[in-house]
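Trainee: So the chains spell out like this:
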Amino acid sequence: MNELEPVVATKACGCPDYDRALSRRSFLKRAGIAGLVAGIASETAFTQLAFGAGAYTGDVLVVLSLRGGMDGLQVVVPTGDPDYLNWRTHVGIPQSTLLSLNDTMFGLHPAFGAIKPLYDSGLLGFVHAVGMSEPNRSHFSAMEEMERAAPGTSLRTGWIDRVIGRRTEGTVFQAMQVGSGMASTAFIGPEPELAMWSVDGFDLSGAWDATERQRWDKVLNALYAGSPTMLGKPARAVLGALATTAQMKDLGYTPANGAVYPDGDLGNALKDVARLIKQGVGLEVAAVDYGDWDMHADMGTVDAGWMHDHLTELGAALFAFATDLGSDMDKVTFTTLTEFGRRVEDNGSGGTDHGYGQLVTLMGGNIKGGAVHLNGAWPTLAESALLDGDLRATTDYRALLSALLQKRCGASTSDVNSIFPGIGGIPLPDVAN
Amino acid sequence: MSATGELAAPREGLSRRALLGRAAAVGGLVALAPQLIDPPDAEALTSAATHDPNLHLLRRATYGPTAASLKRIRKIGRHAWIEEQLRPLKIHDAMVDHLLSSRFPGLKWTIAQANHRVPQFQWDLMFDLGVANLARACWSQRQLFEVMVDFWSNHLNVTNPSDSGWNCRHDYDRTVIRAHALGRFVDMLKASAKHPAMLQYLNNADSSKYEPNENYGRELLELHTVSITGGYNERDMRNSALIMTGYTLDWNTTTFRYDPDRHYTGHVKVMKWSSANANANGYAMAMKYLEYLAHHPSTAKHIASKLCQHFISDTPPQAFVNHLAKVYLKSGTNITPVLRELFNSPTFAHSIGKKVRRPMEDVVATVRTLGLKPDASGKDAMQGLYYLVDDLGNAPAAWPQPNGYPDEAASWASAGGMLGRWNAHLSLSAGWWPNLRQPKMESYIPHPLPKTHGKLVEALAKRLVFRTLPEKQRNAICGFLGVSANTPLTADSAAVGWRLPYVMALILDTPSHGIR
Numbered sequence: 001m002n003e004l005e006p007v008v009a010t011k012a013c014g015c016p017d018y019d020r021a022l023s024r025r026s027f028l029k030r031a032g033i034a035g036l037v038a039g040i041a042s043e044t045a046f047t048q049l050a051f052g053a054g055a056y057t058g059d060v061l062v063v064l065s066l067r068g069g070m071d072g073l074q075v076v077v078p079t080g081d082p083d084y085l086n087w088r089t090h091v092g093i094p095q096s097t098l099l100s101l102n103d104t105m106f107g108l109h110p111a112f113g114a115i116k117p118l119y120d121s122g123l124l125g126f127v128h129a130v131g132m133s134e135p136n137r138s139h140f141s142a143m144e145e146m147e148r149a150a151p152g153t154s155l156r157t158g159w160i161d162r163v164i165g166r167r168t169e170g171t172v173f174q175a176m177q178v179g180s181g182m183a184s185t186a187f188i189g190p191e192p193e194l195a196m197w198s199v200d201g202f203d204l205s206g207a208w209d210a211t212e213r214q215r216w217d218k219v220l221n222a223l224y225a226g227s228p229t230m231l232g233k234p235a236r237a238v239l240g241a242l243a244t245t246a247q248m249k250d251l252g253y254t255p256a257n258g259a260v261y262p263d264g265d266l267g268n269a270l271k272d273v274a275r276l277i278k279q280g281v282g283l284e285v286a287a288v289d290y291g292d293w294d295m296h297a298d299m300g301t302v303d304a305g306w307m308h309d310h311l312t313e314l315g316a317a318l319f320a321f322a323t324d325l326g327s328d329m330d331k332v333t334f335t336t337l338t339e340f341g342r343r344v345e346d347n348g349s350g351g352t353d354h355g356y357g358q359l360v361t362l363m364g365g366n367i368k369g370g371a372v373h374l375n376g377a378w379p380t381l382a383e384s385a386l387l388d389g390d391l392r393a394t395t396d397y398r399a400l401l402s403a404l405l406q407k408r409c410g411a412s413t414s415d416v417n418s419i420f421p422g423i424g425g426i427p428l429p430d431v432a433n
Numbered sequence: 001m002s003a004t005g006e007l008a009a010p011r012e013g014l015s016r017r018a019l020l021g022r023a024a025a026v027g028g029l030v031a032l033a034p035q036l037i038d039p040p041d042a043e044a045l046t047s048a049a050t051h052d053p054n055l056h057l058l059r060r061a062t063y064g065p066t067a068a069s070l071k072r073i074r075k076i077g078r079h080a081w082i083e084e085q086l087r088p089l090k091i092h093d094a095m096v097d098h099l100l101s102s103r104f105p106g107l108k109w110t111i112a113q114a115n116h117r118v119p120q121f122q123w124d125l126m127f128d129l130g131v132a133n134l135a136r137a138c139w140s141q142r143q144l145f146e147v148m149v150d151f152w153s154n155h156l157n158v159t160n161p162s163d164s165g166w167n168c169r170h171d172y173d174r175t176v177i178r179a180h181a182l183g184r185f186v187d188m189l190k191a192s193a194k195h196p197a198m199l200q201y202l203n204n205a206d207s208s209k210y211e212p213n214e215n216y217g218r219e220l221l222e223l224h225t226v227s228i229t230g231g232y233n234e235r236d237m238r239n240s241a242l243i244m245t246g247y248t249l250d251w252n253t254t255t256f257r258y259d260p261d262r263h264y265t266g267h268v269k270v271m272k273w274s275s276a277n278a279n280a281n282g283y284a285m286a287m288k289y290l291e292y293l294a295h296h297p298s299t300a301k302h303i304a305s306k307l308c309q310h311f312i313s314d315t316p317p318q319a320f321v322n323h324l325a326k327v328y329l330k331s332g333t334n335i336t337p338v339l340r341e342l343f344n345s346p347t348f349a350h351s352i353g354k355k356v357r358r359p360m361e362d363v364v365a366t367v368r369t370l371g372l373k374p375d376a377s378g379k380d381a382m383q384g385l386y387y388l389v390d391d392l393g394n395a396p397a398a399w400p401q402p403n404g405y406p407d408e409a410a411s412w413a414s415a416g417g418m419l420g421r422w423n424a425h426l427s428l429s430a431g432w433w434p435n436l437r438q439p440k441m442e443s444y445i446p447h448p449l450p451k452t453h454g455k456l457v458e459a460l461a462k463r464l465v466f467r468t469l470p471e472k473q474r475n476a477i478c479g480f481l482g483v484s485a486n487t488p489l490t491a492d493s494a495a496v497g498w499r500l501p502y503v504m505a506l507i508l509d510t511p512s513h514g515i516r
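So the sequence lines, in the order shown, correspond to chains A and B.
When we follow my numbering, the leftmost residue of the first sequence carries the number 1, and every step to the right adds one.
When we follow my numbering, the leftmost residue of the second sequence carries the number 1, and every step to the right adds one.
Treat the hints as calculated values from the structure; they're not laboratory data.
Keep in mind that a hint or two might mislead.
Keeping only pairs whose Cα atoms sit at most 25 Å apart, straight-line, the calculated PhoX-like set for lysine-lysine is [claimed, not checked]:
#1 B/Lys440 to B/Lys379
#2 A/Lys278 to A/Lys218
#3 B/Lys306 to B/Lys190
#4 A/Lys218 to B/Lys455
#5 A/Lys218 to B/Lys272
#6 B/Lys326 to B/Lys190
#7 B/Lys472 to B/Lys462
#8 B/Lys272 to B/Lys288
#9 A/Lys218 to B/Lys462
Chain A on its own, in the form it takes in the complex:
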């Protein structure tokens, strides 16, 4: 991944685990190139795509993992906190440049301005000072711990797997990682998931046209007819998925409402998620990664550089996603997660180090948008208020996810207590209708 180079090159980071953790995921791109994909004549009816959809009627939950630790204090800036610019003497965003969030405390980084219409119309909102129950400032183990989401227990499964485990059986598209050949650790566990780089790239590498695809489909179905369940079941599942994605390819895809996704992996992945949602294949939970937030050095200025460029791409992708889905946003709940926020005081390299309290971005037709939620008072950046130099977390991210699952995704109290053991009794933030 090219975006990684600044980190590797400067080596100011001191956390090569992250470079590698991410590059480990990006390696897979080289390996995952799936053969030739050509245009296939479109004949199949759209409605067939929805076959087999399960009983689930809640929102599609989309989880965007901002890997590397996004510095939320630079994005939704606590400009009303008198200590902000005292701590951030190198990278602090001047109040005059911020866009209004109709909030006395917070202003928006202008490079993230593409989402402002969504915020203003209530489709998008923020939750600040979110975190795990305890700080974990190691990228790799924080990601694992966040995606396991069961601190103090011996559970080995991921939270998305447990979400699916509480539901009735759906289609092969029920739980997906999009934009990667390997699902994140949130999917670890007994429930199958489907990881794909892209809808168009999901294919048998020998099936270069419709005729070949039919040959492969026929022979593989025959080879697995009557085979042991432990092999036959996934074989039949993938053949079903391939039949569906072939139809999707036949149909092609043009984003609606003039939506323009930014070039790059993030835009492509969110476009595929929107496509899967709109074509009714039974998607219930989708996870997408957008990495390279580990800005220890040379974060840049408000007008240019790493943070500016990253927020520009993120903002454009979120705006395109919401625009493309249009009224379908009513059945979508979207949330970001990042493994930690950043140290309040900036470092001498024009960046920030690993911290704790983080920013979450929510989208959806039924989230409480147009606001920066705090779940209580802003913990403030006063020195005495910090936890080892970090913004405290006032919202446990599992409580936030519980609120989304309960309000929007059909989960009961006992469901969320089972998905997030120990969450019972923790008040859920009021972020969705």
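Chain A is already provided as a structure; the job is to place chain B on it using the hints.
Mentor: Coordinates of chain B only, in the frame set by chain A:
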């Protein structure tokens, strides 16, 4: 969750019940083998696996049969072959020895050497370890040893690569896992407890009487020894952590250090073991505790159960697990007698077709049966193979959690994983990627040339998956070629020309190749 629409198969629980139903129909087999308590998978027996006991042993005790290994086992017999594999140092392994010394010299470095030669915190050596261990799985003659290295790497998992192993994870592989893989478990456990990789991975290096970190103390009981049902409670677990305080690191050199100042003193008790623990130096006391755990009957059952789950079936018969646990205890935690007992047992002999290959096992078996070889120089192709198995979520010892990769079929039964395997079969058969050295395509074509397409498919299946394909599968592959089984084959038929790699891939796609 599973397939779409009308293709939906029953959930796992249902299918288990279905298996039980079938077991009743083959009661005769059960009667023949009193130890075979769990239901035989009749479906697997008839449709996917061959009954040849030599092939069965090679599928389980190696990373996949080859013509050479089959020849060897037929020549000396299964019993002698098992004994041979249980003495790995006596097996000549020149090709892999040379491969390691020429391409992966860093794996022999001490931690001190790695500190000087690897840029701080860079993961090069850990990736080398992953690539090298995959290469050894493919090409080492010491196959059972490599299978056991993988087994123990998962049992005492220190994820590779991960945060803290940059200068010591390769040393953990050499001095903890490989040193004891066919030795005594008690020795491996003690070596792991004081190894810098484990001390960091499960945070015992951070634990002290002032701030006990319970991560290692807990996993030591739950994962490494007695297991979660082993008979301990939370108080035992906290004592387990206190006992291990003092085991820490010299952070400057990443070497083990015992620090009496960090050690908790005072009475400690875990299950039926206790110590006054009055001495500030609790090193020897902690070692005694580890010995107690390694010899605990619950540990014996835990390890026997995992060995059975790996080598026999996903749900091994409890009577046989108990039997192996006794062998383990009687031999003083020695692994070799346990494996000898396992592979020579009727329970093993009757377990044909009851294990499914995990993705790495599938890819390595593919490399082996296709006769692919490592790069002539450098290691690009071997790294490519690593990326391939990593893409399938199964790079060696890379499972991100302390419990190691799951070892039962249900965990790996994913649609995307199946597609990845099929694509890997074609890519490796056709020599597209990764660019391992491959025998000439002509060398896969049987001589003399079979008279019909059906005979060609049969001959290729015999060579690649060591069995005669069921007629329906043979005919389906002929159908893929647009011919029937009786269609004459000539030297210029596509099936022995540009379509040949596709035919080979389809044979590797058959359920037969998915069975371990």
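Trainee: Could you work out which earlier hints the structure fails to respect and list their numbers in ascending sequence?
Mentor: Numbers 2, 5, in rising order.
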